[in-house]
Structure formats: structure tokens, C-alpha cells
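S.K.: Dock chain one against chain two, each of which comes alone in its own frame, and use the hints as you go.
The lines below spell out each chain.
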Amino acid sequence: MESLSKQDVSISIRVDSRLDQVHMVGYAVHGICSQLGLGDIVVYQIELAVVEAVNNAIKHAYGSVAGHPVEVVISANEKRLQFEICDEGETLHFLQKKTDLDFDPQNKTNLPEGGMGLHIIAQVMDDVNYFVRDGRNCLVLCKHLSK
Amino acid sequence: MRIDEVKIGAVLVVKPMDKRIDASSATTFKSKMADWIQGGERRIVLNLAEVDFIDSTGLGAIVSSLKGMGGEGDLVICNPRETVMSLFRLTRMNRVFQILPSEEEAVASLSKT
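Protein chains in written order, with the working numbering: chain A, 1 to 147; chain B, 1 to 113.
For reference, chain B alone in the conformation it holds in the complex (with noise of 0.2 Å):
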């Protein structure tokens, strides 16, 4: 799985190239998540710009990396498309996620803090 990423400021953002955040990719997208946190990273945005579908693997692998967090810090999600939008609600994630339309409001959000 390719995930670009470049460093605005204190924030890492990062942005999954790959259409599909699933069960045959999760694990490598969630290696790499924890690589950057344990790095030290502890403001991070996801760009799903790119990202077409995710499962409840794929999402769990995205619950899992804001955990790895230990509470300080945050991981924002931005341009998630609709659809994807939908696996947030229907899974009631999008009340534990700011999801935030651009990156630039994702990345000034977190500049705040």
C-alpha cells in the first residue's frame, strides 16, 4: 500500500493512494500508521481523498492508530468521499473522528492545539 506523506508545520499528513482501505490491505496501512506514531508523530491527518472504499477492517485499522495515540494528540480525517462518509455513521465513528472537508482545514485545525 502507497501512502503519501508530508509534514505541515507540527502535522504529519498523510494520504492513502490506494482505492481500497480493506482487510487484504489493513494491516500494512495499520504497520505504517504505527511506525509514524511511534516516531513520535501525535498530530496526524488522514486525507482519504483517494480512497473509494474502506470495510470495518479498514476502519478498525483507523480506530486502532488514533488509539495507539495514547490520548495525546489527535488523528483528524479529511475528504472522505460520501460513501465512505456513510461507513463512519453507520458504525457511529464519525462521533469519535473530527472529519474535516479539506486539509487545510484538517491541518489548521490541529496547528490550533
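With the rest of the complex left out, here is chain A (with noise of 0.2 Å):
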């Protein structure tokens, strides 16, 4: 079979605006990565960015309410891995911040429940962008490929 890496890969994906759709996106990130022969580890934390991402467009775009769309495409080639999240929701500006999860970890009183999102995926990728473009908000997060 041959890899994905030697030819360029466009993939869309369009989800509602339901939780319970989101592994969906999760599976199909998970599979094309694993075609790269990225390692287990890596395929995780892209999944896992990606969903985080879908997550953020349905909780707070679009408030958990269903009947949205949610687009994803995923694109592919020998040097990068590319995954635009659009959404036609509200704007979402603290994604435009830089996010620092900062707390004490001998402190349990503390400890946040929320908000780790933006942590991994900033954590997880090299480039990440938001902004609206006709009218729909677009985070595009890339994964460079190094050989």
C-alpha cells in the first residue's frame, strides 16, 4: 500500500454541531496520520488537537446548540499536515491569545477543570491561526513533517 506521504491529500469533513459527532472527525484525523507513519503518540496529540478544536466551535460558537455545521478539512502532503476547523458561529476572539495553563499542582482546590484546550493545541502545533473569512471563523492549525 502506498503511503501517504508521497502525494498530496485533501480531505473535508462536515459534522453537526453535536459532542457526539465530534469522534467521528477524531477517527478520521486518526487514520490519515497514521498513514504518514507519524508514531502512536503523535497521531494522539493531533487527534486529540483536532477534536479539541471541533469541541471549542460547538461549546462555544455555537453555544452546544445543534443543527450547525461544522467543517473540517484536513490536507496532507510530505512536509505538513494542515487542519482548517470552520464554523459559522460566533467569534471567538480568545483564540486569537496566547493561553498558559498555570496552576499548582500540590494544590487541589485549584486545579482546573477546563480551559486545557488551547494549551494542547498550542502544545501539540507548530502553527495556529483564527480568523473569519466570508463570514465563517476559520482555526487553522499545521503540524509541520520533519524527514
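To be clear, the hints were calculated from the coordinates, so they are not data collected in a lab.
Not one of these hints is a red herring.
Distance condition first, Cα-Cα at most 30 Å in a straight line; then the derived DSBU-like pairs of lysine-lysine:
hint	chain 1	residue 1	chain 2	residue 2
1	B	Lys67	A	Lys59
2	A	Lys97	A	Lys79
3	B	Lys67	A	Lys97
4	A	Lys108	B	Lys67
5	B	Lys19	A	Lys59
6	B	Lys32	A	Lys108
7	B	Lys19	A	Lys108
8	B	Lys32	A	Lys59
9	A	Lys59	B	Lys15
10	A	Lys108	B	Lys7
11	B	Lys32	B	Lys67
12	A	Lys108	B	Lys15
13	B	Lys112	A	Lys108
If we take Cβ atoms under 10 Å as the criterion, some of the chain A residues that face chain B in the derived model are:
hint	residue
14	Gln21
15	His23
16	His30
17	Asp40
18	Val43
19	Tyr44
20	Gln45
21	Glu52
22	Ile58
23	Leu101
24	Phe103
25	Pro105
26	Asn110
27	Glu113
We treat Cβ as the ideally placed atom computed from N, Cα and C, and that holds for glycine.
M.R.: The structure is reproduced here in C-alpha cells:
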């Protein structure tokens, strides 16, 4: 079987703004990344970052209201992987800010239960950009593939 | 979400049987854990052997369970896959939870306290 890394690939997935559909995006990302020969942990972390981005679109851009589109365009070539997550909901300006996950592991009463998604995305991806295009909010995540 | 449970001495071992603890299942997971904690369980082992994927919402539910214990007892995690373990490292939650490679070690750890 020919490796995906030898050719450009672009796949578009459209799901409804329901959290119970996000795993389908995750499985698609996982499958493509696995074909690129990336290690299990890298594949997991990339799937995780994209899932976090889609969760954000559903929870925050659409306020967890079903019936709205979330489109994920996955592009891959031998140099990089790109994930474009687009929605038509509220623009999330906080996505343009740097996020730190700062807490004291010994202080169990103040541990964060949320707000970890953006930190994960920033840790896993090499480039993260958020912008509005044609009335749609787009979060673009890039991962450079070293040879 | 199906979660198997077994009591070993004073320790409750809970084992999620679904492959994913994510934003769609985290509420159910959190609610079941809260039921056990409100029922008085203070020594809990969370066996992640069957779990392939946890996202930040799922992780938040695990953190919430620990906080729900109010500083009494402990919630010890065992059997995480290396992939899932990487989530704990990314978020530094590996410094919050005691994470052990086997259920036996986790139960023994909580039985000592």
C-alpha cells in the first residue's frame, strides 16, 4: 500500500454541531495521521488537538446548540499536515490569545477542570491561526513533518 | 457509558469500558463518579486499561472527581496507555495524580493509607 506521504491529500468532513459527532472527526484524523507513519503518541496528540478545536466550535461558537455545520478540511503532504476547522457561529476572539496553563499541582482545590484545550492545541501544533473568512470562523492548525 | 466497579477491601476500583472519555461522555462519567464519592467512597482506583482516548473535557471530569473528594482519601489512576499518558503530561496532570502501571499496585497504594 502506497504511503500517503508520497502524495498530496485533501479531505473535507462536515459534522453537525453535536458533541456526539466529534469522534468521527477524530477517527478520520487518526486514520490519516497513521497512514503518514507518525508514531502513536504523535497521532494521538494531533487527533486530540483537532478534537479540542471542534469541541470549541460546538461549545463556544454555537453555544452547544445542534443544527449548525462544522467543517474540517484536512490537507496533507510530505512536509506538513494542516487542519482547517470552520464554523458559522460566534467569533471567538479568545482563540487569538496565547494561553498558559498555570496551576499548582499540589493545591488540589484550585486545579483547572476546563480551559485546557487551547493549551493542548498550542503544545501540539507548530502554527495556529484564527481568522474570519467569508463570514466563517476558521481555526487553522499546522503540524510540520520532519523527514 | 458503562463503568465496571469492584470493591477490594476499602478501595473502589472503577473501570470505564468505553474507548473514549470525551466531551460527549464526560458528563455521564463525572456524574457516576460523583455518586460514588457522595456515597462515601474516598479510596478510588480509576483503571484506564480499556480507554483509548481522553480529551480535555474528559480529563476535566477526572480532575473534578478528585476535587469532589474534598482532600480526603485519593483517586489513583492505573493502566493508562502511553498515548493517554501523554495527555496527562501535556497538561501537567501527571504531577497531580498518582499514576501506576497496574491495578494491583494502585489498590496496594491506597490500602496503605
